[in-house]
Amino acid sequence: MGSFDKSDWNWQIEQFQRRTSEWLELNFFPAAEQAIRGTDWTLSDWVVNGTIWLAWAILGSAIAWMIWQIFKIMRPYLETVGWLRPRMRTEAKIPVTPAAIEWEQRSQNFAGQGEYREACRALYMAMLQRLHEATLAPQQPSRTDGEYLQLLRHIPRWQTYQILLSTHERLCFNDEMLSVSSFERCQQAYQELNHYLSSIRP
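The sequence shown begins at 1 in the working numbering and counts up by one.
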């Protein structure tokens, strides 16, 4: 077995570091060292159990919060497919429903002011009123956009009118600002629906 070379620089550096740290502990932290050595670091059972319960409570709260956030995101879809009872629509609470022509006029006024979000909402209300007047979809406070879509599937070119419903859903569930092109698509869809309903009027 070969002899250990004590002149090696690495060995000398390690020895210096060890001696320095021992000297510092001995001269500056003697009481702390004795206190640490004499301390019983075992925790009582109630502290351990309490910590475990607290950790589970935090984890459970985090999971519940995440499920609630996912539910809020998925609610429009669940209402559309009929898995969830729909919420009351704010627009349906209006006691006196203006005629479709009034909603059309409001839409034009909003569009002229650059308020395309409200302009599209007014077109949506005009569409509901026209469907009500044509007895294709009598207005009900609890009826959702998904239920209106089911009723529209029975008339020609229903996919075009779906633009108004999908735009309204976007307006209900976020604060998105709509562009003039979005308004023009909604306006075109409403005009086509209006033309169809006028053509079947007895």
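FYI, nobody ran anything at the bench for these hints, they're computed from the structure. All values reported here derive from a predicted model rather than from experimental measurement. No residue lacks a Cβ here, since even glycine has one placed at the ideal position from N, Cα and C. Careful, some of the hints might be misleading.
[Claimed, not checked] With a cut-off of at most 20 angstroms between alpha-carbon atoms, the simulated SDA-like pairs for lysine to any residue come out as follows:
#, residue 1, residue 2
1, Lys72, Ser198
2, Lys72, Glu176
3, Lys72, Asn174
4, Lys72, Ala134
5, Lys72, Ser61
6, Lys72, Glu184
7, Lys72, Asp175
[Stated by the list, open to error] Simulated restraints, written as ranges between beta carbons of each label pair:
#, residue 1, residue 2, range
8, Ile70, Arg153, 25 to 35 angstroms
9, Glu147, Asn109, 57 to 67 angstroms
10, Trp68, Asp175, 12 to 22 angstroms
11, Trp56, Phe16, 20 to 30 angstroms
12, Trp56, Gln15, 44 to 54 angstroms
13, Arg153, Phe173, 19 to 29 angstroms
14, Gln105, Leu136, 20 to 30 angstroms
15, Glu133, Trp56, 25 to 35 angstroms
16, Ser166, Lys72, 35 to 45 angstroms
17, Gln105, Pro138, 19 to 29 angstroms
18, Arg170, Ile70, 16 to 26 angstroms
Structure-based check of all given hints:
At most 20 angstroms may separate the alpha-carbon atoms for a hinted pair to count; Lys72 and Ser198 exceed this at roughly 39 angstroms. Among the hinted pairs, Lys72 with Glu176 is consistent with the structure: their alpha-carbon atoms are about 17 angstroms apart, no more than 20 angstroms. Between the alpha carbons of Lys72 and Asn174 the distance comes to roughly 12 angstroms, so the proposed pair stays at or under 20 angstroms and holds. Taking the CA atoms of Lys72 and Ala134, the gap is about 34 angstroms. The hint is violated against a cut of 20 angstroms.
For the hint pairing Lys72 with Ser61, the CA-to-CA distance comes to about 17 angstroms; that is within 20 angstroms, so the pair holds. For the hint linking Lys72 to Glu184, the alpha-carbon distance of about 30 angstroms lies beyond 20 angstroms, and the restraint is violated. Among the hinted pairs, Lys72 with Asp175 is consistent with the structure: their alpha-carbon atoms are about 15 angstroms apart, no more than 20 angstroms. The supplied range of 25 to 35 angstroms is met by Ile70 and Arg153, whose beta-carbon atoms lie about 29 angstroms from each other.
Glu147 and Asn109 have their C-beta atoms about 29 angstroms apart, which leaves the hinted 57 to 67 angstroms range violated. About 20 angstroms separates the C-beta atoms of Trp68 and Asp175, a value consistent with the hinted range of 12 to 22 angstroms. With their beta carbons about 49 angstroms apart, Trp56 and Phe16 fall outside the hinted range of 20 to 30 angstroms. At roughly 49 angstroms, the beta carbons of Trp56 and Gln15 sit within the given window of 44 to 54 angstroms.
Hint check: Arg153 to Phe173, Cβ distance near 23 angstroms, so the stated range 19 to 29 angstroms holds. Between Gln105 and Leu136 the Cβ separation comes to about 23 angstroms, which falls inside the hinted range of 20 to 30 angstroms. Against the hinted window of 25 to 35 angstroms, the Cβ-Cβ separation of Glu133 and Trp56 comes to about 58 angstroms, which falls outside the hint. A hinted range of 35 to 45 angstroms is violated for the C-beta pair Ser166 and Lys72, which are about 19 angstroms apart.
Against the hinted window of 19 to 29 angstroms, the Cβ-Cβ separation of Gln105 and Pro138 comes to about 23 angstroms, which satisfies the hint. Evaluation of the 16 to 26 angstroms hint for Arg170 and Ile70 yields a pass: the beta carbon distance comes to about 19 angstroms.
Going through the hint list in order, the structure does not satisfy hints 1, 4, 6, 9, 11, 15 and 16.
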